[in-house]
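Asker: These are the residues of each chain, in order.
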Amino acid sequence: MTGSNQPLELILARNLMSSLAIPSFLVDNAGMLVFYNAAAGELLGKRFEEIGRRSLAEWSADHAPFEQDGREIPTEDLPFTIAVRESRPVHRRFQLRADGGPPMEIESSAVPLAGASGCQGAIVVFWPVSGA
Amino acid sequence: MAPEANIQVTLWGVRGSIPVADPAVFRHGGNTPCVALRLSDGARVVLDAGSGIRALGDTLAGTREPLHILLSHLHLDHIQGLLFFKPLFDADREITIWGPPAGDGSLRDRLSRYLSAPLSPIEMRELPARVSYRTCPPGTWRLGPALVEAALVNHRGPTFGYRISEGRAAVCYLPDHEPALGQSLETSEAEWISGYALARRASVLIHDGQYTDSEYQAHLGWGHSAVSDALLFARRAEARRVILFHHDPAHSDDDLDGLCDEARDRWSALGGDANSVEIAAEQRELSVEP
Ligand SMILES: [Zn+2]
Ligand SMILES: [Zn+2]
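In order, the protein sequence lines correspond to chains A and Y. Its first residue numbered 201, the first sequence is counted upward by one per residue in our numbering. Its first residue numbered 5, the second sequence is counted upward by one per residue in our numbering.
Calculated directly from the structure, the hints in this document are not laboratory data. Keep in mind that this is a model prediction, so the values were computed, not measured. Wrong hints could be hidden among the right ones.
Unchecked claim - Residues from chain Y that face chain A, not an exhaustive set, calculated with beta carbons under 10 angstroms:
(1) Leu-156
(2) Gly-199
(3) Tyr-200
We put the CB at the ideal spot given by N, CA and C, even for glycine.
Please put together the full structure from these sequences, using the hints given.
Answerer: What follows is the structure, encoded as structure tokens:
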């Protein structure tokens with residue numbers, strides 16, 4: 201048998217993100233966080249190589265994303281999840297915690313990676329909101 | 005008893021980009037991509053329909069086996085021979101043309117942009133053969149005695165690589181492929197390398213080797229490989245035999261001889277057997293045993 205491959209859309213996205221200086225995350229269509237770049241690692245306090253792939257639920261448990269009013273954001277309402285589930289771009293501002301740090305406010309934009317054979321995942325870009 | 009599964013491979017066009025009719029390339033050939041596979045039951049699988057498909061068509065007169073043409077993509081060098089493929093003008097012939105999906109129309113519609121006025125004297129509907137056009141399904145499917153697997157690979161525009169196998173004999177075809185773009189083929193995890201699963205332990209890997217390493221620097225992102233990247237990819241995938249393919253139109257026979265020596269040295273340095281690397285040449289035939 202042959203080995204397995206990630207879909208080309210994810211391979212290209214990962215290669216692109218690797219050369220970006222803006223914090224970027226890559227999720228697959230099964231809701232796994234399969235990669236994030238060095239800038240994202242710096243923002244959240246751990247390099248991808250230290251952590252490896254994990255589910256968005258695990259990621260949420262670590263970073264506890266929450267609304268301005270303090271309500272927790274369930275995994276299914278995160279931009280990552282919506283972009284993949286509904287194959288549409290999603291923009292949202294929320295707060296989260298880096299590795300043991302204080303809350304920080306971020307803007308996030310998720311773009312679905314919808315190819316000819318359906319949505320393969322999403323790229324999510326984080327932007328820390330200064331002064332928050 | 006079932007016949008021993010093997011695949012006969014014939015290279016009919018090995019040049020990339022544009023046909024070349026210069027005597028300086030006649031030894032390796034100037035026709036654009038076309039590779040014919042003959043399966044153990046006699047069925048033909050044709051990989052791409054570059055100008056090399058014309059000469060293949062001449063050899064098929066009077067044969068009646070089912071014909072499948074698998075297009076890697078629709079760049080002109082991979083389809084320009086279609087109108088000159090005699091079996092398409094044989095009303096008794098059944099031909100299936102397979103290709104990659106794209107968001108801008110069916111395979112038939114996309115091909116008809118070229119095979120219609122004013123670019124072509126003949127419209128697709130006028131072709132006498134019974135032709136069907138099919139988008140390759142995802143995953144692996146059966147074509148007679150063979151298993152075919154297609155996957156999108158890194159080139160410009162939707163492009164398939166193919167793996168055709170019978171038993172343990174497997175041919176992988178990646179004619180236009182730039183897996184090294186934006187990543188290290190040495191350190192990336194295998195599943196993140198474009199085309200890896202198709203090429204994994206292939207008996208024969210036919211791979212893009214359009215550029216010398218120095219030429220590649222001026223062509224990053226054009227969708228083709230430097231020879232050393234092609235070999236690194238092949239080594240990662242543990243391909244058993246490598247045929248460097250899709251030669252640059254500017255590369256003469258002498259240039260390709262030099263490239264062959266370099267490629268063999270490099271393959272040895274990567275731990276392979278120098279004799280299992282070759283530069284594709286038209287009319288080359290090989291039998292892929294299980
Ligand atoms: Zn080409
Ligand atoms: Zn091409």
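Asker: Now tell me if each hint is right for this structure.
Answerer: We went through each hint and held it up to the structure:
1. With 10 angstroms as the threshold, the beta carbon of Y:Leu-156 comes within range of chain A, its nearest partner Cβ sitting at about 4 angstroms, so the hint holds.
2. This hint holds: Y:Gly-199 has a C-beta 8 angstroms from the nearest C-beta of chain A, less than the 10 angstroms allowed.
3. Taken as an interface hint, Y:Tyr-200 checks out: its beta carbon lies about 5 angstroms from the nearest beta carbon of chain A, inside 10 angstroms.
Checked against the numbered hints above, the structure breaks none of them.
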